[in-house]
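S.K.: Residues per chain, in single letters:
There are 2 protein chains.
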Amino acid sequence: MIRRFDYGTPLPTDALVQEIPLCGETLPFFTVAKTENGLTFTYPLGREELIYGLGETVRGINKRGHIYRSWNSDEFSHHEDKQSLYASHNLLIFSGEGKPFGVFFDDPGEVIFDLGYTGADTAAITSVNGDLRLYLIEEDSLNAIVRSFRQAIGQCYLPPKWAFGYIQSRWGYAADGEVRTIVNEHRSRHIPLDGVCMDIDYMVDYKDFSWNKEAFPDLRQLSADMKQEHIRLIPIIDAGVKQQEGYDVCDEGLRNGYFCTCEDGTPFVGAVWPGRSYFPDFFRPEVREWFGKKYHGLMEQGIEGFWNDMNEPALFYSERGIAEARQELTKLLDMNLGLDAFFHLKDVLMGMQNNRRDYASFYHKYAGQQVRHDRVHNLYGGFMTRAAHEGLRSYDPDKRHLIFSRASYVGAHRWGGVWQGDNTSWWSHILMNLKMLPSLNMCGFLYTGADLGGFSGNTTEDLLLRWLQLGVFTPLMRNHSALHTRDQEIYRFGMQEDMKNILTVRYALLPYLYSEFMKNALTGGSMFRPLAFDYPEDAAALRIEDQLMLGEGCMIAPVYEQNARGRNVYLPEDMLLVRFRSAEDYCLIPMEKGRHWIDLDLNEMPLFIRKGCIVPLSRGGEWVEAVDFDTLTLLGWLDGDAAYAIYNDDGTVAAPVLADGLREIRVRTADGKAAAEAQGLTVDAAKLIVG
Amino acid sequence: MIRRFDYGTPLPTDALVQEIPLCGETLPFFTVAKTENGLTFTYPLGREELIYGLGETVRGINKRGHIYRSWNSDEFSHHEDKQSLYASHNLLIFSGEGKPFGVFFDDPGEVIFDLGYTGADTAAITSVNGDLRLYLIEEDSLNAIVRSFRQAIGQCYLPPKWAFGYIQSRWGYAADGEVRTIVNEHRSRHIPLDGVCMDIDYMVDYKDFSWNKEAFPDLRQLSADMKQEHIRLIPIIDAGVKQQEGYDVCDEGLRNGYFCTCEDGTPFVGAVWPGRSYFPDFFRPEVREWFGKKYHGLMEQGIEGFWNDMNEPALFYSERGIAEARQELTKLLDMNLGLDAFFHLKDVLMGMQNNRRDYASFYHKYAGQQVRHDRVHNLYGGFMTRAAHEGLRSYDPDKRHLIFSRASYVGAHRWGGVWQGDNTSWWSHILMNLKMLPSLNMCGFLYTGADLGGFSGNTTEDLLLRWLQLGVFTPLMRNHSALHTRDQEIYRFGMQEDMKNILTVRYALLPYLYSEFMKNALTGGSMFRPLAFDYPEDAAALRIEDQLMLGEGCMIAPVYEQNARGRNVYLPEDMLLVRFRSAEDYCLIPMEKGRHWIDLDLNEMPLFIRKGCIVPLSRGGEWVEAVDFDTLTLLGWLDGDAAYAIYNDDGTVAAPVLADGLREIRVRTADGKAAAEAQGLTVDAAKLIVG
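Chains A and B, in that order, give the protein sequences.
Read in our numbering, the first sequence has 465 at position 407, and its numbers run on one by one without any break.
Read in our numbering, the second sequence has 628 at position 570, and its numbers run on one by one without any break.
Check each hint, because a few of them may be wrong.
Same chains, same names: a pair is fine if it fits in one copy or spans any two.
No more than 30 Å apart at the CA atoms, straight line, and that leaves these computed lysine-lysine pairs for DSBU-like [what the hints assert, rightly or not]:
(1) K271 - K351
(2) K577 - K651
(3) K285 - K577
(4) K404 - K140
(5) K423 - K352
(6) K389 - K404
Since the hints were derived computationally from the structure, they do not count as laboratory data.
Given the sequences, and given the hints that come with them, work out the whole structure.
M.R.: Right under this line is the structure:
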């Protein structure tokens with residue numbers, strides 16, 4: 059059951075697709091009071107109470123013990139004490155002694171979540187706006203709360219099937235020949251690959267929807283040639299539109315008044331990659347339609363996927379900031395530049411970027427009003443993705459396209475996927491990215507993944523290898539890195555054979571991964587879940603922070619420490635360990651419920667299958683379309699008959715119907731042997747362990 | 059056996075106290091070649107080879123898989139990819155298939171350790187100077203290599219016994235009344251305490267050896283009153299001397315030519331906390347003597363301990379840097395401040411701090427030459443500590459005094475302790491600080507510890523509580539935090555009772571901790587050791603990165619994850635788990651060799667005692683001198699007779715003789731019971747478990 063409570067004058071957010079009527083009762087659990095920061099909801103935490111939710115954030119699956127701040131931020135350094143990343147997903151789920159409950163703070167402005175930080179026994183959530191809808195979600199279990207919330211916020215975005223392939227990306231790929239080389243280096247070594255991302259370098263002066271005609275003299279031919287190789291190109295689109303006369307997007311936007319404005323109605327200018335730029339007012343349907351159709355230009359070149367970036371929106375600086383900085387600099391030059399002046403100057407310069415005053419200085423036309431940006435800041439990125447989604451859909455209404463975004467708010471899960479932002483080549487970020495997965499799923503974001511190997515900083519080959527061993531399971535599986543960092547393509551490293559072998563596991567598992575993605579996407583379930591959600595009565599499972607349930611039958615537990623040759627794992631029930639070296643080189647080890655140490659050499663990765671469950675393994679392929687989803691080896695440890703509902707479709711149908719794609723794999727066991735059958739599939743039961 | 063190999067024209071470093079003759083043979087293991095960065099020593103790594111050493115650095119006990127850079131740096135953010143911290147400890151120990159060996163690169167300039175980073179199977183160590191002495195240490199075991207090296211570098215610094223007490227510190231304590239309040243808040247709650255650090259705020263304009271007479275109208279009286287309360291004040295001394303006419307230290311330094319100079323012989327000026335400052339040339343004995351005696355002024359006020367800071371030396375900026383920055387700023391103001399200009403300006407400003415060109419622009423008089431600073435950079439901090447050590451010793455030659463430093467090089471371990479630098483209130487830093495301990499011990503630094511609760515950033519109470527549970531074991535046990543961060547004194551928090559209880563464990567364990575410190579300090583042993591050093595044949599022990607051997611009989615394994623209620627522990631042999639809530643509230647659980655999960659509530663901490671070993675537990679006290687070292691409860695799990703050599707002295711004797719302080723505790727077991735005796739001690743065997 060979901061109940062709605064309103065405070066102040068909430069603006070629409072489009073987070074929900076269900077209309078929940080206003081509840082006339084008093085909000086339970088929380089006390090509500092105006093505080094110096096806004097409107098604060100206070101809830102006493104039980105000593106052993108756990109808190110879930112918040113989607114894309116740093117730290118634990120259990121969010122207790124930190125302050126989080128919903129304020130979409132271009133934040134390049136994801137330390138454990140960061141309060142904000144690129145997205146705002148204001149769902150909390152409290153799991154204490156009584157029945158668990160969820161609460162969604164539907165507020166597009168800044169919201170501060172003090173979850174046992176100031177006082178270890180208190181959660182205090184503050185809406186700075188004070189204008190919000192609060193949804194209270196009460197169901198019998200943690201998983202039921204998520205399903206109820208997910209039903210309310212609507213079905214998540216569905217990518218095409220090819221987008222489950224391995225994607226190579228790097229800030230710096232700048233020319234036709236470079237793209238071809240990267241693809242060749244993969245194909246010639248039989249390293250699976252389905253896509254290459256084009257970062258900002260492909261554009262002319264970072265102008266959206268442009269491409270450098272010298273570097274890419276025939277983009278259509280390149281796309282076509284790549285398509286022959288079963289590779290899709292995935293160009294980036296940024297939020298800011300370069301201020302430049304004669305640039306069609308700029309001219310049209312100005313002419314039609316499509317950009318965000320200052321208070322006086324003149325277009326707001328902020329500097330991002332293209333230099334001084336305008337920001338489309340994605341809050342308006344006509345602006346979204348205009349901007350969305352701009353994607354068609356690249357689609358006409360054969361492009362089928364995009365990523366939206368810088369859409370928090372990031373602001374390097376504004377006219378206001380620069381004027382103030384000039385003033386300060388001039389003042390400081392007049393003085394004897396002493397210690398205080400030096401630190402002040404640094405502060406001024408550092409403070410220009412993503413400055414709060416800039417976010418309070420421009421406006422949207424929204425809900426019939428002129429709305430100051432900071433009141434609705436967290437919606438901006440999602441609405442850009444909505445523009446893209448609608449544009450892509452209008453180009454080809456029957457087809458799914460790839461679109462994923464950096465910034466988002468709940469609701470944006472219906473319009474695109476998200477990547478987990480600009481992480482770093484740190485071992486700690488493997489675990490950070492793992493912990494985000496179930497939280498993102500709770501908030502509707504199923505198509506997601508991290509920059510494998512790490513975006514900023516320099517990777518090492520063992521770090522990339524271990525990270526790939528997690529990436530095998532994430533719907534978006536992309537290797538991405540920043541300019542000026544160490545080359546990070548698999549073929550650069552001595553351990554490339556091990557990395558390639560790990561990729562074969564991904565492609566072999568695609569029938570399972572795609573089935574679990576689609577089944578959960580179409581029914582409001584989570585592909586990744588904390589162990590606590592599936593084993594709520596198991597005290598040990600409650601505090602497991604480095605393992606996840608994956609789909610119906612699996613648990614994952616990757617190695618995330620350098621120089622480790624194994625790890626501790628907790629099995630909440632009997633499970634079959636599959637220790638993979640490659641799709642063809644693996645061993646099966648039945649293991650009992652409980653705590654175990656698992657040996658895992660650098661080139662080995664584990665998958666755990668719940669006793670009684672079946673996981674279908676294909677023969678893999680070097681690209682998604684080469685994978686035969688119908689010829690399957692079944693893995694599992696059975697003590698009786700079992701079944702698995704596998705899903706498949708053509709990979710592009712825009713509105714798939716679950717029932718149409720499901721086929722039942724049935725296994726009968728007798729006398730210690732298993733026999734399998736499935737209509738239209740070739741299923742091999744030889745690897746099933748019975749007993 | 060240690061062999062010496064010379065390259066180029068090495069400068070003296072005073073790292074060793076033994077004279078090792080030059081070896082005429084060819085250096086084994088390594089190939090040596092001139093490379094673009096300097097002189098490079100290359101060694102092929104076995105697939106499973108581990109690397110130890112490097113003292114104060116980030117990342118693993120096993121250093122493999124990263125680039126480290128010996129270049130003492132004022133580095134406030136200890137990410138896992140930092141290459142340099144405050145100290146340079148150029149010892150490596152390789153442990154592969156053959157016999158392990160150690161190698162000490164005795165080079166006071168920049169040394170780059172590429173340990174399986176560029177190529178996973180290669181270690182490449184580059185001396186930028188190309189002038190160095192290389193010492194090759196070959197012994198039968200890892201522990202023997204350390205003992206051999208430690209013998210060569212001489213006995214480590216010995217602090218007074220009171221310095222093993224709990225110390226409260228904060229950047230910001232600024233007045234007599236504040237110090238008294240802090241002490242009262244501890245004493246009135248019976249939270250043990252032995253010292254209060256005074257950070258830079260006690261000075262006048264950050265002038266070394268000054269104190270603010272308004273804030274501290276009678277420092278001598280304050281010291282005396284504190285001494286009555288069994289509290290020592292521990293003021294900070296920085297490396298830079300404020301440029302100010304009439305300030306005696308400045309005037310004397312200038313008059314006598316005691317400061318580092320520019321190439322032309324004029325004193326070098328750099329900005330640090332006091333603004334423009336001079337830097338004493340600690341490389342000269344007469345400068346050390348002069349500066350060391352300056353400490354006497356504070357000692358005359360009753361001070362018995364100091365900490366030396368900013369002695370890498372940190373440089374906020376120099377005259378050169380400021381001139382260049384002004385020029386750049388002026389240029390930029392003349393332009394339309396665009397994107398490139400903006401980022402360039404940021405780079406200029408950020409690059410002014412600790413700029414390499416500044417370190418190449420001043421000179422020391424050393425070894426009969428004018429030596430450019432960057433050639434000997436890493437010696438500076440240690441030589442400042444040497445000045446302090448010699449000054450303190452000259453004030454009272456029969457007494458030990460407390461001195462610990464931020465920067466150091468091998469050799470400085472003879473002159474003072476080190477704290478582990480300006481860490482952050484991050485959970486990951488508990489583990490980082492744990493991992494530094496054995497590496498620091500290998501390099502001679504036994505008196506060490508981390509800023510408990512974290513220096514920068516805001517702690518949470520659970521973080522401080524868990525960090526204290528590690529700090530219980532570190533010789534330096536200091537809670538320290540930065541200006542503008544959350545108050546971090548124990549009494550600020552709801553969990554203060556739990557924290558106090560943890561402190562009682564520290565004070566109860568002092569007889570063991572002091573014994574193990576002194577025995578190892580006086581014999582060249584390590585108080586903290588990787589498990590691999592004590593169990594070299596145990597493959598599981600080799601890769602344990604979150605447990606340490608502590609002294610003769612113990613292993614530690616603190617909890618370092620937020621919201622955890624226990625942890626996995628590997629026991630390399632049968633051990634007794636002591637689960638402490640306080641010195642009086644603990645339980646004893648014999649456990650078998652192997653992997654275990656240990657439940658540990660927030661207020662519980664484990665100590666593991668090797669089967670057959672005894673750990674003496676005192677009744678504790680609220681300050682060190684109140685602890686009765688002679689009345690002891692023995693903890694242990696015995697299957698036969700056992701003994702422990704306990705050490706004690708008056709806590710201040712300058713040159714203690716090990717044999718004079720040792721007393722043997724002997725335990726006889728028979729019929730499942732234990733009886734203990736020790737001359738001059740009251741020992742209680744009732745808690746010993748036999749069987």
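S.K.: Determine which of the earlier numbered hints do not hold for this structure and return their numbers in increasing order.
M.R.: none
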